[in-house]
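Going down the list, the sequences are from chains A and B.
Mapping the first sequence onto this note's numbering, position 60 (from 1) lands on 60, and the numbers just tick up by one.
Mapping the second sequence onto this note's numbering, position 50 (from 1) lands on 1050, and the numbers just tick up by one.
If you are wondering where the hints come from, they were derived from the structure by calculation, not from laboratory data.
Here the structure is a predicted model, which is why all the values come from computation and not from measurement.
Heads up, a few of these hints could be off.
Claimed, not checked - Computed footprint of chain A on chain B, listed as stretches where at least three residues anywhere in the stretch have a Cβ under 8 Å from a Cβ of chain A:
hint	region
1	1036-1044
2	1099-1106
Claimed, not checked - Below, in silico cross-link-like pairs of lysine to any residue (SDA-like), each with a Cα-Cα straight-line distance of 25 Å or less:
hint	chain 1	residue 1	chain 2	residue 2
3	B	Lys-1067	A	Val-12
4	A	Lys-22	B	Ser-1107
5	A	Lys-22	B	Gly-1041
6	B	Lys-1042	A	Asn-97
7	A	Lys-36	B	Ser-1107
8	B	Lys-1042	A	Asp-85
9	A	Lys-40	B	Lys-1067
10	A	Lys-41	B	Arg-1104
11	B	Lys-1056	A	Asp-85
12	A	Lys-40	B	Lys-1056
13	B	Lys-1067	A	Asn-97
14	B	Lys-1056	A	Phe-107
15	B	Lys-1042	A	Ala-39
16	B	Lys-1042	A	Arg-9
17	B	Lys-1067	A	Gly-28
18	A	Lys-36	B	Arg-1104
19	B	Lys-1056	A	Glu-105
20	A	Lys-36	A	Asn-58
21	B	Lys-1042	A	Asn-30
22	B	Lys-1042	A	Val-12
23	A	Lys-36	B	Thr-1024
Glycine included, every Cβ here is placed at the ideal spot set by N, Cα and C.
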Amino acid sequence: ETGVTQTPRHLVMGMTNKKSLKCEQHLGHNAMYWYKQSAKKPLELMFVYNFKEQTENNSVPSRFSPECPNSSHLFLHLHTLQPEDSALYLCASSQGNPSARWYTEAFFGQGTRLTVV
Amino acid sequence: QKEVEQNSGPLSVPEGAIASLNCTYSDRGSQSFFWYRQYSGKSPELIMFIYSNGDKEDGRFTAQLNKASQYVSLLIRDSQPSDSATYLCAAPASGGSYIPTFGRGTSLIVHP
């Protein structure tokens, strides 16, 4: 059983829908991440939160809206997505100290396979 | 600008052989490096990390780091069909954030 849990595992949504992805980590980490993985492309970092504060936003379109209410939970709110947004969305957590510039290895959830129709 | 480069493969090796996977990175200040394995349809799982120049061994896996040449490699001895997966190299991103950036991954196929 992974220490990082993502729900749902699969999601099909229309372009006008609003949906949310949920991630929960039970590892006591202080940093949480959203990654996007499309076919034939590297993992793309989307957002990073450290102690609930967003520290990275890699020029992600506003139709993706993250929320981090505490260090254990992370959400990705989806609104008016495009078919090219179909991908595997991965949540990960690690210990990190942005001011000291270090992060330990990331532990991943099982991912949400998103299909936009 | 790509910061972590991997050959996408596929790399095909026979069962029992040594598989050698390579990764280069652009930031000379990078300190830590991670190798992840990702089976098709699954999420990445950490298999090795290395901080110091030289070799680090863990079972059938050996990670090698050469900071002068800016490359890190992963050797898998006695390769098994169950090792068939995509192997991702991760290194801290340049620009000061030090959040791990992933390479494209190398697909490894171990055939019986």
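Results of checking the hints against the structure:
| no. | hint | verdict |
| --- | --- | --- |
| 1 | 1036-1044 | holds (count 3) |
| 2 | 1099-1106 | holds (count 7) |
| 3 | B/Lys-1067 <-> A/Val-12 | violated, 44 Å |
| 4 | A/Lys-22 <-> B/Ser-1107 | violated, 29 Å |
| 5 | A/Lys-22 <-> B/Gly-1041 | holds, 19 Å |
| 6 | B/Lys-1042 <-> A/Asn-97 | violated, 28 Å |
| 7 | A/Lys-36 <-> B/Ser-1107 | holds, 19 Å |
| 8 | B/Lys-1042 <-> A/Asp-85 | holds, 19 Å |
| 9 | A/Lys-40 <-> B/Lys-1067 | violated, 28 Å |
| 10 | A/Lys-41 <-> B/Arg-1104 | holds, 6 Å |
| 11 | B/Lys-1056 <-> A/Asp-85 | violated, 39 Å |
| 12 | A/Lys-40 <-> B/Lys-1056 | violated, 30 Å |
| 13 | B/Lys-1067 <-> A/Asn-97 | holds, 23 Å |
| 14 | B/Lys-1056 <-> A/Phe-107 | holds, 21 Å |
| 15 | B/Lys-1042 <-> A/Ala-39 | holds, 13 Å |
| 16 | B/Lys-1042 <-> A/Arg-9 | holds, 11 Å |
| 17 | B/Lys-1067 <-> A/Gly-28 | violated, 32 Å |
| 18 | A/Lys-36 <-> B/Arg-1104 | holds, 13 Å |
| 19 | B/Lys-1056 <-> A/Glu-105 | holds, 16 Å |
| 20 | A/Lys-36 <-> A/Asn-58 | holds, 11 Å |
| 21 | B/Lys-1042 <-> A/Asn-30 | holds, 24 Å |
| 22 | B/Lys-1042 <-> A/Val-12 | holds, 18 Å |
| 23 | A/Lys-36 <-> B/Thr-1024 | holds, 22 Å |
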